[in-house]
Amino acid sequence: MTVDTAPAPAAPAPAAPARRGRTLPAGSVITTFLVLFLVVAAFSVEGFASTRNAGFLLLDVVVIALIALPLTLIVVTGEIDLSVASTVGLCSAVMGRLWVAGLPLEAIVPLVLVLGGVLGAVNGFLVTRLGLPSLAVTIGTLALYRGLAFVVLGDQAVADFPRAWTTWAISSIGSTGIPTVVVPLLVLVVLTGVVLHATPIGRSLYAMGNSEDAARFSGIDVARTKLWLFVVTGVVSALGGVYWTLRYGSARADNATGLELQVIAAILLGGVSIFGGSGGLLGVIAGALLLGSVRNALQLVNVPSDVLNIVTGVLLITAVVAPQVAARVKGRRRRRPAS
Amino acid sequence: MSAPVTGTPAALPEELAAPERTGHRGSALVHRLFVVRELGILAALVLLVVVTVVANPRFLSGQNVRDLLLSAAILTVLAAGQTMVIVTRNVDLSVGSVLGLSAYATGTLLVVAPGTPVVVAVLAGTAVGAVCGLLNGLVVAAAGVPSLVVTLGTLYAFRGLDSLWASSADRLQINAADLPSGFKALGGARLLGVPVLFLVAVAVVLLVGWYLRTFRSGRELYGIGSAPEAARLSGIPVGRRVLTAFVVNGALAGLAGVLYAARFQTLDTTAGTGQELFVVAAAVVGGVAIFGGSGSVYGAALGALLLTTIGTALPQLGLDPFWRDAAVGALILAAIALDRALQLRLAARLRGRNARRDR
Amino acid sequence: MSLFLTSRRVRGGLTGLAVAAMVLTTAACGGTTRGEDEGSSGGNDAAGASADPDAEIPADLAIAFLPKQLNNPYFDVAATGSERAVGEIDGEFSQVGPSEASASSQVSYINTLTQQGADVILTSANDPNAICSALDQARSGGASVVTFDSDTDPACRDLFINQATAEGIAQTQIDTMAEQIGGAGQVAILSATANATNQNTWIELMTEYAAQEYPDMEIVTTVYGDDEDEKSFQETQGLLQTYPDLKGIISPTTVGISAAARYLSGSEYKGRVALTGLGTPNQMREFVQDGTVTAFALWNPEDLGYLAAYAGAALAAGQITGAEGETFEAGDLGEYEVGADGVVVLGEPTVFDAENIDDFDF
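From first to last, the protein sequence lines are chains A, B and C.
Throughout the first sequence, residue numbering follows the UniProt record's numbering, covering 1 to 339 in sequence.
Throughout the second sequence, residue numbering follows the UniProt record's numbering, covering 1 to 359 in sequence.
Throughout the third sequence, residue numbering follows the UniProt record's numbering, covering 1 to 362 in sequence.
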């Protein structure tokens, strides 16, 4: 399960420096691909290039892109969090339960965000303090949090949230078709981008992903940093839960089931290595938009959902196989090709 | 528990290819811990059954136990295959989709050719699974891509193929009435009162256990999971072994699909959806380390039995079935935490012993 | 991973077809709400516009069928009905839908239909409220929205095609049982979950109707199989142990009835204890053939889809607006009248027995 804290020995992973050098292009490759796809789709798919459709597309991508932000940081450090979608579901369920109990949303939202932080801290504690593999921990909390969501709300749905909030969630900026919610999302994207690419913290994340020991020796508090990353991921997932609930106007325990696949697919498509230590935020955003656009365009030309699933799966595998093969071809002269 | 924590040779116990000299005493200790770990799950299982029986004496009635074993059979077969993959430090998340595809393929075969002997149907379903496993294994082993991502992708792709097949064949659901009675008899068949499907699962577990323990190539799987690089350097054909593990796991997922078809006799494109969680959970709860290199198929089988029992016991204890997923999650966390504690203790013990010997 | 937790939903996987359909069925809104009622006047908001009962149905209406989930046999049969109706009125039929039964993916497909400019959307809602705003957008874009099987909030659609009334469902089951046991003896009910609103409504109505029509029939208990195959199976077994004189079991859920049938067919009670309820012909065929079950009921999903398509066409043509009391023609099924809250009732459930079961494939 190659998502280990020690990425180096896993499989025929290329040497760390080579990986680092390769990835920034990977981000731009996906961005170029996105632009090409958008151009082709705009000309060949009826109804694709319109403000209304852009709004629909972006609304579908918002939560995926939002959760991808902190999760990218986690993957860069060589860890993973599979419990994000369950956190969305649990936070949505709790939000519904508190609303039925009569609390105002102004009080519910901060409470739910705190809850998200706690859920993230549980992951972070188990991973950093007990030294458990994040993959196993978050598979466990994936089940646990989703189970708790059902315990909290059962198979009921809570619906009558204030209209002002729910209409805001799907409103758009003037007549541009661009959802209002894109603005705060962009702020967060920029913020995360700056942290990852222009601060010592960001550099330390890459360092951890490349070699945890080296990072530790160079004075980085690996455990504490990772713990905080999990907490932030929890809070952001909770935010995703709040938004999801308002957008669909319905709090349910099964909200966002399976969303973790799409978030991780976006991150991997964006050129972030699942081994950690490489990748950039631009690629991840492009990856999320590409997945959303492909789905949207294929739906518009009435491609059945079975085929959509196959396309998603193949895209995901290709995104990971392609750079690996490319690196292999490049490195063939230097390394013995792995079996 | 072999311990992937350290690089000390003694911590790579009997399962590793050539540990005869260095690891003898160590391996005895490891073996004892192994047994302790499995006894732990067994104790949890017994406790759960006792509590449930106290709450509801009917829980141990013949029919109920038979039903429990039937449900556990499918998960057990899946967990046995998954164990082989996980010990190599890989994972196969596509098993639920493989099960669905194989169940549907078996059903289709039996509908199209009702005269097909049961054995042929079983082999056909298993073969479908093996092909899926081969695809997974090829991408993982040849391209050197993390199995987590590959099998996440094929989870989607295989399921998509399944439903595409069903919709294009215009046979969305295969019902009991469409299946030949010879095959259906398999679902309820008993030998000395024990469901045959469960006996199949037991046979699978024993075979896999025997292979992992007795065959050099089986023990090498543990070596690969403990230290892939070291395994490669010591001449183990890592790619080929990993590929084998995936093919066998796929074949067993295919067999599980046949068992599913025989038991439920109603097949649509959702068969086996979401099983991957329970399979991985069963293995992890059973003491198979998610980062490879350790764990036994017997533990995984016990894990499968425990998870199935929880599923049936919760309602009998008057608990809302919604608690099941939460309980599964909590159990995974408890199991990996326990394994970690055992592992640390083992590492400490072995370190102490080595220090004495070195002196 | 994606589907990790859908397992809970699909645990009784094989039976997920009409069950899913029934969970929300007749009760229009499954949502828990806080405060006052939830706008029961909905569906009539179009009543301001005037209907022209003689308007022609225009050719080439784009009628889209959006089920809870694609490749679900139950909805596939309904789609066949819709497609037949659309063929009769020279429209363009299309079926789209998600591969998993979630409200969020349905929203995505509704948005696509809006963008494609569909004239009529026929849908069964995965959540009564979550798809509302998307449907509103579709309607403001000119589409007529007809829900069937599972309704949304009445304010978000023009019409709801209800498969059967609660009274009809309750009476059919009691009548079928009474016929099999001679109207007298102990009868137990095997339900889904204890808090399933539709189940509880039916059980209440069944108890009342039985007391009224068949005073010698005694409903001894209700047990809950939680719509899980195994639990239902065990509860059936428990019933027979607890009530040795039991004459019959009624299970108004497809999971329950097929699990109970499976238990009975393999036990000594086969043929001695009557079983009826709501089931699908494909699940029950074997048990009807082997004599475990004499008759059971369900609405005909093909008729449901057929009626929904005609209702949608009538809306698009302006023959009706969704107001109470309006009437429209639905092909072979004849004339239907819009009831309160924009609800149209398909009719009495169909009773399936050895005679007619082979005419149905769902």
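Derived from the structure by calculation, the hints contain no laboratory data.
Don't take every hint at face value.
[What the hints assert, rightly or not] Pairwise CB distance ranges, derived in the manner of DEER restraints:
(1) G40/B x D359/C: 55 to 63 Å
(2) R163/A x A189/B: 56 to 64 Å
(3) V118/A x V118/B: 50 to 58 Å
(4) V325/A x L47/B: 23 to 31 Å
(5) G182/B x E56/C: 42 to 50 Å
(6) A55/C x G177/A: 46 to 54 Å
(7) D320/B x L188/A: 31 to 39 Å
(8) A348/B x W168/A: 40 to 48 Å
(9) T318/A x T214/B: 33 to 41 Å
[As the list claims (entries may be wrong)] Stretch by stretch, here's where chain A covers chain C in the computed footprint (C-beta under 8 Å, at least three residues):
(10) 89-98
(11) 258-268
By construction, the Cβ of each residue, glycine as well, lies at the ideal position given by its N, Cα and C atoms.
Cross-check of the supplied hints:
1. G40/B x D359/C: 55 to 63 Å: For D359/C against G40/B, whose Cβ atoms are near 57 Å apart, the range 55 to 63 Å holds.
2. R163/A x A189/B: 56 to 64 Å: 60 Å, holds
3. V118/A x V118/B: 50 to 58 Å: Given about 53 Å between the Cβ atoms, the range holds.
4. V325/A x L47/B: 23 to 31 Å: 51 Å, violated
5. G182/B x E56/C: 42 to 50 Å: At roughly 58 Å between Cβ atoms, E56/C and G182/B fall outside 42 to 50 Å, so the hint is violated.
6. A55/C x G177/A: 46 to 54 Å: Roughly 34 Å apart at Cβ, these two residues miss the hinted range, so it is violated.
7. D320/B x L188/A: 31 to 39 Å: Once the Cβ atoms are compared, 37 Å apart, the range 31 to 39 Å for L188/A and D320/B holds.
8. A348/B x W168/A: 40 to 48 Å: 57 Å, violated
9. T318/A x T214/B: 33 to 41 Å: 40 Å, holds
10. 89-98: Check passed, 4 qualifying residues.
11. 258-268: Coverage by chain A is violated for the stretch 258-268 of chain C (0 residues, Cβ < 8 Å).
Consistency note: the structure conflicts with the earlier hints numbered 4, 5, 6, 8 and 11.
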